[in-house]
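J.: Here are the chains, one letter per residue:
2 protein chains.
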Amino acid sequence: MIIDCHGHYTTEPKELHDFRQRQIAGVKDPAQTPSAAPKISDDQIRDSLENAQLKLQRQRGTDFTIFSPRASGMGHHIGDAGVSLRWSQICNELIHRVCTLYPKNFIGVCQLPQSPGVEPATCIGELERCVKEYGFVGCNLNPDPSGGYWTTPPLTDRWWYPLYEKMVELDVTAMIHVSASCNPAFHTTGAHYINADTTAFMQLIMSDLFKDFPTLKFVIPHGGGAVPFHWGRYRGLALNNKRPPFEELVLKNVYFDTCVYHLPGIELLTKVVPVDNILFASEMVGAVKGIDPQTGFDFDDTKRYIDQLSFLSENDRWKIFEGNARKVYSRLAARLDKAAA
Amino acid sequence: MIIDCHGHYTTEPKELHDFRQRQIAGVKDPAQTPSAAPKISDDQIRDSLENAQLKLQRQRGTDFTIFSPRASGMGHHIGDAGVSLRWSQICNELIHRVCTLYPKNFIGVCQLPQSPGVEPATCIGELERCVKEYGFVGCNLNPDPSGGYWTTPPLTDRWWYPLYEKMVELDVTAMIHVSASCNPAFHTTGAHYINADTTAFMQLIMSDLFKDFPTLKFVIPHGGGAVPFHWGRYRGLALNNKRPPFEELVLKNVYFDTCVYHLPGIELLTKVVPVDNILFASEMVGAVKGIDPQTGFDFDDTKRYIDQLSFLSENDRWKIFEGNARKVYSRLAARLDKAAA
Numbered sequence: 058m059i060i061d062c063h064g065h066y067t068t069e070p071k072e073l074h075d076f077r078q079r080q081i082a083g084v085k086d087p088a089q090t091p092s093a094a095p096k097i098s099d100d101q102i103r104d105s106l107e108n109a110q111l112k113l114q115r116q117r118g119t120d121f122t123i124f125s126p127r128a129s130g131m132g133h134h135i136g137d138a139g140v141s142l143r144w145s146q147i148c149n150e151l152i153h154r155v156c157t158l159y160p161k162n163f164i165g166v167c168q169l170p171q172s173p174g175v176e177p178a179t180c181i182g183e184l185e186r187c188v189k190e191y192g193f194v195g196c197n198l199n200p201d202p203s204g205g206y207w208t209t210p211p212l213t214d215r216w217w218y219p220l221y222e223k224m225v226e227l228d229v230t231a232m233i234h235v236s237a238s239c240n241p242a243f244h245t246t247g248a249h250y251i252n253a254d255t256t257a258f259m260q261l262i263m264s265d266l267f268k269d270f271p272t273l274k275f276v277i278p279h280g281g282g283a284v285p286f287h288w289g290r291y292r293g294l295a296l297n298n299k300r301p302p303f304e305e306l307v308l309k310n311v312y313f314d315t316c317v318y319h320l321p322g323i324e325l326l327t328k329v330v331p332v333d334n335i336l337f338a339s340e341m342v343g344a345v346k347g348i349d350p351q352t353g354f355d356f357d358d359t360k361r362y363i364d365q366l367s368f369l370s371e372n373d374r375w376k377i378f379e380g381n382a383r384k385v386y387s388r389l390a391a392r393l394d395k396a397a398a
Numbered sequence: 058m059i060i061d062c063h064g065h066y067t068t069e070p071k072e073l074h075d076f077r078q079r080q081i082a083g084v085k086d087p088a089q090t091p092s093a094a095p096k097i098s099d100d101q102i103r104d105s106l107e108n109a110q111l112k113l114q115r116q117r118g119t120d121f122t123i124f125s126p127r128a129s130g131m132g133h134h135i136g137d138a139g140v141s142l143r144w145s146q147i148c149n150e151l152i153h154r155v156c157t158l159y160p161k162n163f164i165g166v167c168q169l170p171q172s173p174g175v176e177p178a179t180c181i182g183e184l185e186r187c188v189k190e191y192g193f194v195g196c197n198l199n200p201d202p203s204g205g206y207w208t209t210p211p212l213t214d215r216w217w218y219p220l221y222e223k224m225v226e227l228d229v230t231a232m233i234h235v236s237a238s239c240n241p242a243f244h245t246t247g248a249h250y251i252n253a254d255t256t257a258f259m260q261l262i263m264s265d266l267f268k269d270f271p272t273l274k275f276v277i278p279h280g281g282g283a284v285p286f287h288w289g290r291y292r293g294l295a296l297n298n299k300r301p302p303f304e305e306l307v308l309k310n311v312y313f314d315t316c317v318y319h320l321p322g323i324e325l326l327t328k329v330v331p332v333d334n335i336l337f338a339s340e341m342v343g344a345v346k347g348i349d350p351q352t353g354f355d356f357d358d359t360k361r362y363i364d365q366l367s368f369l370s371e372n373d374r375w376k377i378f379e380g381n382a383r384k385v386y387s388r389l390a391a392r393l394d395k396a397a398a
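Chains as they are written, first to last, in the working numbering: chain A, 58 to 398; chain B, 58 to 398.
Keep in mind the hints are simulated off the structure, nothing from the lab. Keep in mind that this is a model prediction, so the values were computed, not measured. Please note: incorrect hints may appear among the correct ones.
Copies of one chain are not kept apart here, so a pair can be met inside one copy or by any two copies together.
Unchecked claim - Under the rule of at most 30 Å between Cα atoms (straight-line distance), these lysine-lysine pairs were calculated in the BS3-like manner:
1) K161 x K96
2) K346 x K112
3) K161 x K112
4) K328 x K360
5) K189 x K71
6) K346 x K328
With the hints as extra help, turn the sequences into a complete structure.
T.: In structure tokens:
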């Protein structure tokens, strides 16, 4: 089985966007705030997926996607915590409907109702609802709800601890993923996403967070940002700061996905990061669309790159494609085992 | 000849730090502002270099370093433009003294007196002074003088154009290099530096800056941040945004250094980035100190990694070690040719 740990619902029906536009207008002019949730039929959901994610799963030979709302759409910087909560509930419900319609193809990860300056503890209710009522297996955790101004304490600050306690209790994993940048300095998918991955890793290696939460698990997307390319730099900085070896410091808790859109990048990733810490992912249909003229295949068809790595053993390959995802998302493993039984 | 295009004076005599501490104290309490520049003797300068940069040049077999004030020390976010100007003048003068004492080992690049919210045009005077009076060959350009809050327009905004006009007129190159982060989210050398490199490249590929300045040249340090690792992502994003091919868009103007502190990273860099766009650099004595236990050699001994790349031709190697630096820093080439004659 091939599990893609990083997919977003980026082909949402128009009604969802219409709702959001009115909700955003309502931040300035409350009269515009929609009173009801968007009306979206099951057929609309099917139509939105059949020619996109589902077709690509079949074409590329992947089986199952850990699926969450559009990351750039989370927009935690827009409006207040109430706006964020309502929007998150609606987006998460839609993911739940996708997973209910296609239980063999998708399992859910939720958007959290974060808001700049508001304690992450306020997200516990929605996380718990999504896990217990919807069967979700994780959440996307935004280290910068300000959208590019980085006004929030580092992920290792006690500010975040109540949310981590709940994650550990529920046994769910967070992908560390920012949303759209509203800072003109940062292109959303070309700078802000990648910078956030790099930033988060550096925060984690400078702290003892995982001493406090030995079972807390994070996935850093987009191959870990700049981290594998600068693996020597990070090992060196850890030593300079008298931090323990990575094995002890982060490698039991931090995982990297394979959303790196060319073969040399995937080669580097799998050479420097232990294979036990790499989870297959494509982020399709996502950040980078279209065909790479150098290969004739989609940039985000990351399975092709991994298939070309002759130095991986069959067991390595199984770990990247399935085993590690089962290990990192325990609730997913339980669900798959139940379905197989 | 082996030219290291990225060295900072990180072993400055104590008097310089004392001056800066009093200058910073003077921001709140003007009575503390030092009236005179720090008194530093030639012997103090020699002592600060002989057992550090000069010893390492000899040990590693590099010849010449393009040398600038400590990057994390620029501190553009501290005080106002007047504070920044005085500090920059003092730091640049010290670099000039280093280059005068050791003309066969160092050539200068200046710190600019940038300040958050202040137009870059105000830096022209100091740039011109350093080039014309001191014989410097470039400047360090900080894309985020706020120190981690990114409140400045992108490097491609007309805000920066007067400075670029002067750079073109003087025929000098800028290394895009931030200073220390005062944002708790960003570790200076582990996140902010690398993020800035990534951010700058993305800004550049989204703009037509080099149509307006066809001869403007930038070096992106630290191997280009995350860019080579995500080369496919950047090629894809350029295509998605209907931008021209990289050859036309940036490769005549943007160069990457080799400050990547492990062999697999240097391998990736030299595989994906054209060899014409790579300049040898180590940033020693710099961001990452000490010996890599995996190799037994200094992390920042980047020459060793390049020496190990068997797929490079002799001409490739010459370009990385010398030829590209001569091309990118034309004033350096003129100076070396004159010295050789």
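J.: Run every hint past the structure and note whether it holds.
T.: Against the structure, the hints:
For the homomeric pair K161 and K96, the shortest alpha-carbon distance inside one copy (25 Å) is at most 30 Å, but the shortest distance between copies (74 Å) is not. In this assembly of identical chains, K346 and K112 lie within 30 Å of each other by CA distance solely inside one copy; the values are 15 Å within and 50 Å between copies. In this assembly of identical chains, K161 and K112 lie within 30 Å of each other by CA distance solely inside one copy; the values are 14 Å within and 63 Å between copies. Both within a single protomer and between protomers do K328 and K360 lie at most 30 Å apart by alpha-carbon distance, with minima of 16 Å and 21 Å respectively.
Only within a single protomer do K189 and K71 lie at most 30 Å apart by alpha-carbon distance; the minimum there is 29 Å, versus 60 Å between protomers. In this assembly of identical chains, K346 and K328 lie within 30 Å of each other by CA distance both inside one copy and across copies; the values are 26 Å within and 23 Å between.
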